[in-house]
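J.: Can you build the whole structure from these sequences, using the hints too?
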Amino acid sequence: MNTQYKKVCVIIPAYNEEGSIGTVIDNIRYFVPAAQLVVVNDASSDGTRKVAELKGVPVLDLPINLGIGGAMQTGFKYAYRYGYEIAMQVDADGQHDPQFIPDLLRVLEDGEVDMVIGSRFLKPIGYKASFLRLFGIRLFAWLIGIVTNKRVYDSTSGYRAYNRLALEFVARHYPSDFPEPESIVTMLRNGFRLKEVMVVMVNRLSGQSSLGKDLGFRAAYFLISNAIAIVMSGFKAPSR
Amino acid sequence: MINYLIFDVIPLRVQVLSILFSGLLLLIIVHLIRRGYLKEGYSIIWILLGLSLVVLSIFARLLEILADLAGIDYSPTALFLILIGGLFLLAIHFSILLTGYDKRIRDLAQEHAILKEELKRQKK
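Line order of the protein sequences matches chains A and B. Take any residue in the first sequence, note its place counting from 1, add 76, and you have its number in the numbering used here. Take any residue in the second sequence, note its place counting from 1, add 93, and you have its number in the numbering used here.
I should point out that these hints are in silico values taken from the structure, not numbers from a laboratory. Just so you know, not all the hints are guaranteed correct.
Simulated pairs of lysine-lysine, DSBU-like, Cα-Cα distance not exceeding 35 Å [claimed, not checked]:
hint	chain 1	residue 1	chain 2	residue 2
1	B	K132	A	K131
2	B	K196	A	K226
3	A	K312	B	K196
4	B	K217	B	K196
5	A	K83	B	K209
6	B	K209	B	K196
7	A	K131	B	K216
8	B	K132	A	K83
9	A	K226	B	K213
10	A	K131	A	K83
11	A	K126	B	K132
No experiment lies behind these values; they were computed from the predicted model shown.
T.: As structure tokens, this is what we get:
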């Protein structure tokens with residue numbers, strides 16, 4: 077039944093996620109048994125790699141920590157090189173509930189868009205964000221609207237799927253530090269079509285947000301970096 | 094004319110010292126390039142900076158003339174302006190280089206990870 081997912085590569089970027097990655101792998105396999113999984117281990121200091129290997133998932137073992145952007149790009153390069161038609165990102169912390177993977181894939185298979193984003197905000201249920209996070213996400217949506225003329229509700233969601241065309245692009249051009257909002261702008265400006273699909277995100281199983289516990293300096297840095305990146309990538313020349 | 098450009102602008106002792114020091118700076122740069130500690134392409138700005146310091150300390154009047162052209166009353170200010178401008182260019186130059194290295198390291202690390210996985214699969 078699931079043979080249609082044979083050409084799908086699910087990329088799982090992981091940094092110190094030994095507590096959750098095993099469950100995430102099992103859950104993905106349950107919902108899309110035919111898809112190929114690959115873990116990108118971003119120089120974790122814990123047993124992330126071991127857990128993934130025990131599960132029989134190929135691991136791309138980065139020798140130095142590159143951050144989420146560099147780690148994802150490793151997976152994109154891998155998926156592109158090995159000829160996968162579709163590449164997906166599912167985070168290793170358990171926030172991306174794999175039951176929605178078929179929803180994302182179905183939209184791609186309709187062929188009307190090149191990229192699908194699993195969005196928490198199409199309907200106001202499930203995900204409860206803090207005031208600051210909500211403000212940031214609104215700000216990004218507003219800025220993206222200005223530079224691309226398109227409404228994107230959940231620009232920081234990493235729960236995404238790409239078709240082969242988009243995969244080729246992100247394998248070559250993917251931002252390094254806070255890649256999610258910036259890559260939306262870059263992709264739209266290079267003529268890719270994208271669509272959001274409703275997903276419900278659950279609280280992470282273990283580990284902590286890349287924003288860290290202290291929602292002060294790092295959050296402000298996150299906000300400002302992303303805002304600048306969105307606006308600047310709006311100015312960048314198309315790179316195709 | 095040449096006498097006018099060189100002499101009676103600043104105290105002779107100061108002038109001799111500044112010629113010696115900027116000459117030394119230039120020598121150090123050239124030495125570093127010869128030894129291979131400094132790549133030629135990266136040292137263009139350093140050489141230009143060193144050379145202009147030597148020229149400015151020999152022909153001390155030049156600074157006065159430059160300051161005058163720019164409408165600066167107090168000519169040592171012009172010296173600071175030139176120095177800060179040069180350092181600014183240097184800082185931007187370094188940022189460009191760093192960005193390039195960052196990308197190269199990222200590409201290498203990614204390639205490393207992919208090849209390592211491939212190797213492991215072939216060994217099985």
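J.: Does the structure keep K209/B and K196/B at a Cα separation of 35 Å or less?
T.: The given pair, whose Cα atoms are some 20 Å apart, holds under the 35 Å limit.
J.: Sort out whether K131/A lies within 35 Å of K132/B, counting only the CA atoms.
T.: violated (48 Å)
J.: Given the hint that K132/B pairs with K83/A, test it: the Cα-Cα distance must not exceed 35 Å.
T.: It is violated: about 47 Å lies between the C-alpha atoms, which goes past 35 Å.
J.: What's the verdict on K131/A and K216/B, does the C-alpha distance respect the 35 Å limit or exceed it?
T.: holds (19 Å)
J.: K131/A and K83/A were given as a pair; does the straight-line alpha-carbon distance stay at or below 35 Å?
T.: Holds. K131/A to K83/A sits at ~20 Å (cutoff 35 Å).
J.: Next pair to validate is K226/A with K213/B; report whether the Cα-Cα distance is within 35 Å.
T.: Measuring from Cα to Cα gives roughly 44 Å; hence the hint is violated.
J.: For the pair supplied as a hint, K126/A and K132/B, confirm whether the alpha-carbon distance does not exceed 35 Å.
T.: violated (43 Å)
J.: So if I understand the rule, the pair passes when the alpha-carbon distance is 35 Å or less; does K83/A with K209/B pass?
T.: holds (22 Å)
J.: Hint check: K196/B vs K226/A, CA-CA at most 35 Å. Holds or violated?
T.: holds (30 Å)
J.: Would the pair K312/A and K196/B pass a check requiring their Cα atoms to be no farther apart than 35 Å?
T.: holds (17 Å)
J.: Is the hinted pair K217/B and K196/B satisfied, with a Cα-Cα distance of at most 35 Å?
T.: holds (32 Å)
Hints 1, 8, 9, 11 from the earlier list are contradicted by this structure; the remaining hints agree with it.
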